[in-house]
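As they're listed, the protein sequences go chains A and B.
FYI, in the numbering used here the residues of the first sequence are 534 to 792.
FYI, in the numbering used here the residues of the second sequence are 534 to 792.
Just so you know, the hints here were simulated from the structure itself, not pulled from any lab data.
Treat the hints loosely; a few may be bogus.
Said to hold, decoys possible - Calculated cross-link-like contacts (lysine-lysine; reagent style DSSO-like; alpha-carbon spacing at most 30 Å):
#1 Lys624/B - Lys624/A
#2 Lys685/B - Lys781/A
#3 Lys783/A - Lys667/A
#4 Lys660/A - Lys624/B
#5 Lys667/B - Lys641/A
#6 Lys537/B - Lys667/A
#7 Lys624/A - Lys685/B
#8 Lys685/A - Lys667/B
#9 Lys685/A - Lys537/B
#10 Lys535/A - Lys590/A
#11 Lys641/B - Lys590/B
#12 Lys685/A - Lys781/B
#13 Lys738/A - Lys781/A
#14 Lys624/A - Lys667/B
#15 Lys685/A - Lys624/B
#16 Lys537/A - Lys667/B
#17 Lys667/B - Lys660/A
#18 Lys667/A - Lys667/B
#19 Lys667/A - Lys685/B
#20 Lys641/A - Lys624/B
#21 Lys535/A - Lys738/A
#22 Lys576/A - Lys624/A
#23 Lys576/B - Lys576/A
#24 Lys576/B - Lys590/A
#25 Lys667/A - Lys535/B
#26 Lys685/A - Lys576/B
Said to hold, decoys possible - Below, a sample of chain A positions facing chain B; criterion: calculated Cβ distance under 7 Å:
#27 Leu585
#28 Ala611
#29 Ile674
Backbone N, C-alpha and C define an ideal beta-carbon position, used for all residues, glycine too.
2 protein chains.
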Amino acid sequence: MKSKLTIIKIGGNIINDENQLIGFLSDFSQVEGYKILVHGGGKRATEMASSLGLEPKMIGGRRITDAANLEIVTMVYAGLLNKNITAQLQKHNCNAIGLSGADANCIKAHKRIVREIDYGFAGDVDKVNNDTIKAFLDNDITPVFCAITHDKNGQILNTNADTIASEIAKAMSRDFQVELVYCFEKNGVMMNIDDENSVIEKINKEKYQQLKQENIIADGMLPKLENCFDALQNGVDKVLIGNPDIIKNKNQKFTTLSI
Amino acid sequence: MKSKLTIIKIGGNIINDENQLIGFLSDFSQVEGYKILVHGGGKRATEMASSLGLEPKMIGGRRITDAANLEIVTMVYAGLLNKNITAQLQKHNCNAIGLSGADANCIKAHKRIVREIDYGFAGDVDKVNNDTIKAFLDNDITPVFCAITHDKNGQILNTNADTIASEIAKAMSRDFQVELVYCFEKNGVMMNIDDENSVIEKINKEKYQQLKQENIIADGMLPKLENCFDALQNGVDKVLIGNPDIIKNKNQKFTTLSI
Numbered sequence: 534m535k536s537k538l539t540i541i542k543i544g545g546n547i548i549n550d551e552n553q554l555i556g557f558l559s560d561f562s563q564v565e566g567y568k569i570l571v572h573g574g575g576k577r578a579t580e581m582a583s584s585l586g587l588e589p590k591m592i593g594g595r596r597i598t599d600a601a602n603l604e605i606v607t608m609v610y611a612g613l614l615n616k617n618i619t620a621q622l623q624k625h626n627c628n629a630i631g632l633s634g635a636d637a638n639c640i641k642a643h644k645r646i647v648r649e650i651d652y653g654f655a656g657d658v659d660k661v662n663n664d665t666i667k668a669f670l671d672n673d674i675t676p677v678f679c680a681i682t683h684d685k686n687g688q689i690l691n692t693n694a695d696t697i698a699s700e701i702a703k704a705m706s707r708d709f710q711v712e713l714v715y716c717f718e719k720n721g722v723m724m725n726i727d728d729e730n731s732v733i734e735k736i737n738k739e740k741y742q743q744l745k746q747e748n749i750i751a752d753g754m755l756p757k758l759e760n761c762f763d764a765l766q767n768g769v770d771k772v773l774i775g776n777p778d779i780i781k782n783k784n785q786k787f788t789t790l791s792i
Numbered sequence: 534m535k536s537k538l539t540i541i542k543i544g545g546n547i548i549n550d551e552n553q554l555i556g557f558l559s560d561f562s563q564v565e566g567y568k569i570l571v572h573g574g575g576k577r578a579t580e581m582a583s584s585l586g587l588e589p590k591m592i593g594g595r596r597i598t599d600a601a602n603l604e605i606v607t608m609v610y611a612g613l614l615n616k617n618i619t620a621q622l623q624k625h626n627c628n629a630i631g632l633s634g635a636d637a638n639c640i641k642a643h644k645r646i647v648r649e650i651d652y653g654f655a656g657d658v659d660k661v662n663n664d665t666i667k668a669f670l671d672n673d674i675t676p677v678f679c680a681i682t683h684d685k686n687g688q689i690l691n692t693n694a695d696t697i698a699s700e701i702a703k704a705m706s707r708d709f710q711v712e713l714v715y716c717f718e719k720n721g722v723m724m725n726i727d728d729e730n731s732v733i734e735k736i737n738k739e740k741y742q743q744l745k746q747e748n749i750i751a752d753g754m755l756p757k758l759e760n761c762f763d764a765l766q767n768g769v770d771k772v773l774i775g776n777p778d779i780i781k782n783k784n785q786k787f788t789t790l791s792i
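Go ahead and model the full structure; you've got the sequences and the hints to work with.
Written out as structure tokens, the structure reads:
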């Protein structure tokens, strides 16, 4: 039987709140068994760009990564955030290693092909090096991935953190029984965005189509859920969506996805 | 017999010149056998601080690392420089992994004790985790260290890159026959700083004392050479100082240190 591997993705909202992040990392260090953390960027990159006089460039809710912004996300995601998260986990005796996709060639991507929109230095994932990541886990090392990849031709690329999490989850499912947990500011996928008690506890593919048609799932939740179903259809055992407390208390409400 | 390990440290002057850095990384990727790269910071951190309206704080040629400057060096050294160097090496099929001391707890340090001067978040090295670094080398992974450490209590620290290189060299000498190479802008230690042909080819401890007394070795070269002799007295086999070309062409002049 395959060993269980828990992959947890945290978003900007947790990273933006220092106390919440510190509490989360303490909880994460206590998650038993094999685990991987994937973190998003948060507002620090935007603040840094603004301090340097750069305007963020967004199209359809997605950041356009020009050369100047690529430098900033590389600094903030792979440097400031990734190393501080790693140091915090080390404090809690979790033997974390901070990684970008370039490190040990863990995640190879390619620069997104320009069709209608030129996303700049945005990377779409080609291959997750599951053997290398497994070697870290086998050595009791906990990988902490930021959302920076490379093209194996010397170019750093900026990649969506939700996608990084699902691509790693898919690749690791060859050797592990993978549970993928997306932590964000809500208690789960909601029937009513303003009612924290309206968590939809179970969503399968059919229900997802129905919720999409009824416009209950819309905007930023659509790519997140596409990532989730993509993971489930490609070997991942379980996908959960909820607030960061679900990693320590599974009695609370959250959303479980299945196919 | 122990296997040979080459540890190469490059300074700011190489990093500041993009073409020189790219050429050096291509040469580094071709160095045979086990190898580790340690890189300094260069002027990007100073430029970044200045762009953000921060004044660099220096005492006796050493940077004082306050909280704001610590964020900048963490971003620039561990993020921008470390990941771009790693991605370049990956291009040349050198399976590099970018590391700070926090990653897999490779280098534990403590905040420098305040005596006459408060250096701020400057870290003095306590322990290099040689077993973890050896495990990377055994898996054909080439560590690339930036000069950022941690205190195992959640605090990132800024550490001198020359010292990082010699501390890693000392620790790795338990399992390897270590050659430590300091690459900088000169051809070696010079009798006359203005004459590139005046390289002193061999310096032992006695000669070092003499050159110090004659004021031929002074200023920034003093701590560099202290690091070198410290390494030699603690198990390191060989220490070389020269320009970056010595890693591909040992017919040129450079300085070899011995005890």
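Verification of the hints:
Pair hint lysine 624/B plus lysine 624/A does not hold up; C-alpha atoms about 34 Å apart against a cutoff of 30 Å. Straight-line distance between C-alpha atoms of lysine 685/B and lysine 781/A comes to about 24 Å, which keeps the hinted pair within the 30 Å bound. A C-alpha spacing of about 27 Å is found between lysine 783/A and lysine 667/A, which places the hinted pair at or below 30 Å, so the restraint holds. Taken as a hint, the lysine 660/A and lysine 624/B pair is honoured in the structure, with Cα atoms around 15 Å apart against an allowance of 30 Å.
Taking the CA atoms of lysine 667/B and lysine 641/A, the gap is about 25 Å. The hint holds against a cut of 30 Å. Proximity of lysine 537/B to lysine 667/A is assessed by CA-CA distance (about 28 Å); at most 30 Å being required, the pair is judged to hold. Between the alpha carbons of lysine 624/A and lysine 685/B the distance comes to roughly 5 Å, so the proposed pair stays at or under 30 Å and holds. Of the supplied pair hints, the one linking lysine 685/A and lysine 667/B holds, its CA atoms being roughly 24 Å apart against a limit of 30 Å.
Proposed proximity of lysine 685/A and lysine 537/B is supported: the alpha carbons are some 28 Å apart, at most 30 Å. Distance restraint check for lysine 535/A and lysine 590/A: the Cα-Cα separation of roughly 43 Å exceeds the 30 Å cut-off, and the hinted pair is therefore not satisfied. Of the supplied pair hints, the one linking lysine 641/B and lysine 590/B holds, its CA atoms being roughly 25 Å apart against a limit of 30 Å. Restraint check for lysine 685/A and lysine 781/B: the C-alpha separation of about 24 Å stays at or below 30 Å, so the hint holds.
This hinted pair checks out: lysine 738/A and lysine 781/A have alpha carbons roughly 27 Å apart, not beyond 30 Å. For the hint linking lysine 624/A to lysine 667/B, the alpha-carbon distance of about 23 Å falls within 30 Å, and the restraint holds. With a C-alpha separation of about 5 Å, the suggested pairing of lysine 685/A with lysine 624/B holds against the 30 Å cut-off. With a C-alpha separation of about 28 Å, the suggested pairing of lysine 537/A with lysine 667/B holds against the 30 Å cut-off.
Note on lysine 667/B and lysine 660/A: the hinted pairing holds, with a Cα-Cα distance of about 26 Å set against a maximum of 30 Å. At roughly 17 Å between alpha-carbon atoms, lysine 667/A and lysine 667/B fall within 30 Å of each other, so this suggested pair holds. A distance of roughly 24 Å separates the Cα atoms of lysine 667/A and lysine 685/B; the hinted pair therefore holds under the 30 Å criterion. Proposed proximity of lysine 641/A and lysine 624/B is supported: the alpha carbons are some 11 Å apart, at most 30 Å.
Simply put, lysine 535/A and lysine 738/A have alpha-carbon atoms about 25 Å apart, close enough for the 30 Å limit, and the pair holds. Taking the CA atoms of lysine 576/A and lysine 624/A, the gap is near 25 Å; set against the 30 Å cutoff, the hint holds. Proposed proximity of lysine 576/B and lysine 576/A is supported: the alpha carbons are some 26 Å apart, at most 30 Å. Simply put, lysine 576/B and lysine 590/A have alpha-carbon atoms about 27 Å apart, close enough for the 30 Å limit, and the pair holds.
Distance restraint check for lysine 667/A and lysine 535/B: the Cα-Cα separation of roughly 28 Å lies within the 30 Å cut-off, and the hinted pair is therefore satisfied. For the given pair, lysine 685/A sits about 27 Å from lysine 576/B by alpha-carbon distance, which is consistent with the 30 Å threshold. Among the interface hints, the one on leucine 585/A holds; its C-beta lies about 6 Å from the nearest C-beta in chain B, closer than the 7 Å criterion. With its C-beta approaching chain B no nearer than about 4 Å, alanine 611/A sits inside the 7 Å limit, and its interface hint holds.
Checking isoleucine 674/A against chain B: minimum C-beta separation of about 5 Å stays under 7 Å; hint holds.
Checked against the numbered hints above, the structure violates hints 1, 10; every other hint is satisfied.
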